[in-house]
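Visitor: Below are the chains, spelled out letter by letter.
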Amino acid sequence: MELTFQIQGGDFTSAGTASSKVRRTLKELGIDASIIKRVVIALYEAEVNIVAHAYKGQITASIDPEQVFLKLVDEGPGIADIEKAMTPGFSTASQQVREMGFGAGMGLTNICRNADVFNIHSIPGTGTTVEITIHIK
Amino acid sequence: MTISEIVSLLRGTVLCGKIDEDDRVEYCFASDLMSDVLTVCRSDFMLITGLSNMQSIRTAEMSDLKYVLIVRGKTPTREMVELAEDNGIVLIVCPYSLFKTSGILYKAGLKGVY
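As they're listed, the protein sequences go chains A and B. So for the first sequence, my numbering puts the first residue at 1; every next one is plus one. So for the second sequence, my numbering puts the first residue at 1; every next one is plus one.
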């Protein structure tokens with residue numbers, strides 16, 4: 001099964017809608033609650049990152065009996081120094097993002113700790129692609 | 001501690017959600033930073049926050065939480081209440097600060113998640 005969502009940068013009211021739909025789908029499929037929590041926390045953080053930092057993006061969630069594979073591709077400023085961005089507490093978030101309760105510099109750390117496989121690549125000035133795999137079995 | 005006891009101690013109001021008489025809260029986590037909330041692995045705690053926007057409810061949804069307590073006399077929007085209701089979240093408000101709320105609940109026996 002594959003679910004696709006278009007995400008608009010700066011749309012904080014809708015941030016989390018895609019993660020919520022994936023969560024409901026996984027619940028309907030009877031996936032273990034602890035697996036669902038790991039998937040949606042990683043996805044929600046990544047979705048908020050698109051809203052917070054990019055102009056727009058696309059999320060694809062591919063669900064099969066063995067794993068959930070999430071691919072988030074955004075068009076935006078990209079990340080110049082990924083290693084630095086992965087440091088807990090480091091953030092370039094705007095005041096608006098912080099007022100929404102994010103921008104604490106824990107997003108990528110949270111994604112990484114919930115993923116079985118986590119890949120991120122970015123082209124500064126073009127955008128960022130994040131791939132998250134979480135095994136169901 | 002029961003939800004009724006918590007609401008009474010904090011002079012709070014329950015805005016939505018189904019409360020069973022047997023429901024008990026034992027653990028709490030207080031934060032205005034949602035990424036910090038998302039680092040907590042367990043789901044059996046009440047979120048105490050001064051962040052009154054859609055993301056506080058979304059965070060509770062993603063974390064599988066049943067109880068959200070919004071402090072500092074904030075008034076959640078209709079959309080927040082609807083989102084909480086849709087997800088079976090009990091949404092409570094109280095007039096006290098985050099510090100005072102946490103102090104009252106800690107003194108009454110509720111525990112931190114770590």
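Think of the hints as simulated: they come from the structure by calculation, not from any bench. A virtual CB, placed ideally from N, CA and C, is assigned to each residue, including glycine. Careful: at least some of the hints might be erroneous.
Heads up, simulated DMTMM-like pairs for lysine to aspartate or glutamate below, C-alpha to C-alpha not over 20 Å straight-line [stated by the list, open to error]:
(1) A:21 / A:2
(2) A:21 / B:64
(3) A:21 / B:82
(4) B:107 / B:20
(5) B:66 / B:20
(6) A:56 / B:64
(7) A:21 / B:20
(8) A:27 / B:44
(9) A:84 / B:36
(10) A:137 / A:83
(11) B:66 / A:64
(12) A:27 / B:85
(13) B:66 / B:82
(14) A:37 / B:79
(15) A:27 / B:86
(16) B:107 / B:36
(17) A:37 / B:20
(18) B:74 / A:99
(19) A:37 / B:44
(20) A:21 / B:26
(21) A:27 / B:64
(22) B:66 / A:28
(23) B:66 / B:26
(24) B:111 / B:82
(25) B:100 / B:32
(26) B:18 / B:36
(27) B:74 / B:32
Interface residues of chain A toward chain B, partial, derived using beta-carbon atoms under 10 Å [to be verified]:
(28) 14
(29) 17
(30) 34
(31) 71
(32) 73
(33) 75
(34) 94
(35) 104
(36) 110
Simulated restraints, written as ranges between beta carbons of each label pair [claimed, not checked]:
(37) A:83 / B:73: 36 to 44 Å
(38) B:108 / A:89: 15 to 23 Å
(39) A:92 / B:21: 26 to 34 Å
(40) A:80 / B:104: 43 to 51 Å
Visitor: Work down the list of hints and note, for each, if the structure agrees.
Guide: Verification of the hints:
{"no.": "1", "hint": "A:21 / A:2", "result": "holds (12 Å)"}
{"no.": "2", "hint": "A:21 / B:64", "result": "holds (14 Å)"}
{"no.": "3", "hint": "A:21 / B:82", "result": "holds (16 Å)"}
{"no.": "4", "hint": "B:107 / B:20", "result": "violated (24 Å)"}
{"no.": "5", "hint": "B:66 / B:20", "result": "holds (12 Å)"}
{"no.": "6", "hint": "A:56 / B:64", "result": "violated (28 Å)"}
{"no.": "7", "hint": "A:21 / B:20", "result": "violated (27 Å)"}
{"no.": "8", "hint": "A:27 / B:44", "result": "holds (18 Å)"}
{"no.": "9", "hint": "A:84 / B:36", "result": "holds (19 Å)"}
{"no.": "10", "hint": "A:137 / A:83", "result": "violated (30 Å)"}
{"no.": "11", "hint": "B:66 / A:64", "result": "violated (29 Å)"}
{"no.": "12", "hint": "A:27 / B:85", "result": "holds (17 Å)"}
{"no.": "13", "hint": "B:66 / B:82", "result": "holds (14 Å)"}
{"no.": "14", "hint": "A:37 / B:79", "result": "violated (23 Å)"}
{"no.": "15", "hint": "A:27 / B:86", "result": "holds (14 Å)"}
{"no.": "16", "hint": "B:107 / B:36", "result": "violated (23 Å)"}
{"no.": "17", "hint": "A:37 / B:20", "result": "violated (24 Å)"}
{"no.": "18", "hint": "B:74 / A:99", "result": "holds (14 Å)"}
{"no.": "19", "hint": "A:37 / B:44", "result": "holds (13 Å)"}
{"no.": "20", "hint": "A:21 / B:26", "result": "violated (30 Å)"}
{"no.": "21", "hint": "A:27 / B:64", "result": "holds (12 Å)"}
{"no.": "22", "hint": "B:66 / A:28", "result": "holds (19 Å)"}
{"no.": "23", "hint": "B:66 / B:26", "result": "holds (12 Å)"}
{"no.": "24", "hint": "B:111 / B:82", "result": "violated (29 Å)"}
{"no.": "25", "hint": "B:100 / B:32", "result": "holds (15 Å)"}
{"no.": "26", "hint": "B:18 / B:36", "result": "violated (27 Å)"}
{"no.": "27", "hint": "B:74 / B:32", "result": "holds (13 Å)"}
{"no.": "28", "hint": "14", "result": "holds (8 Å)"}
{"no.": "29", "hint": "17", "result": "holds (9 Å)"}
{"no.": "30", "hint": "34", "result": "holds (9 Å)"}
{"no.": "31", "hint": "71", "result": "violated (19 Å)"}
{"no.": "32", "hint": "73", "result": "violated (21 Å)"}
{"no.": "33", "hint": "75", "result": "violated (23 Å)"}
{"no.": "34", "hint": "94", "result": "violated (15 Å)"}
{"no.": "35", "hint": "104", "result": "holds (4 Å)"}
{"no.": "36", "hint": "110", "result": "holds (5 Å)"}
{"no.": "37", "hint": "A:83 / B:73: 36 to 44 Å", "result": "holds (43 Å)"}
{"no.": "38", "hint": "B:108 / A:89: 15 to 23 Å", "result": "violated (33 Å)"}
{"no.": "39", "hint": "A:92 / B:21: 26 to 34 Å", "result": "violated (48 Å)"}
{"no.": "40", "hint": "A:80 / B:104: 43 to 51 Å", "result": "holds (46 Å)"}
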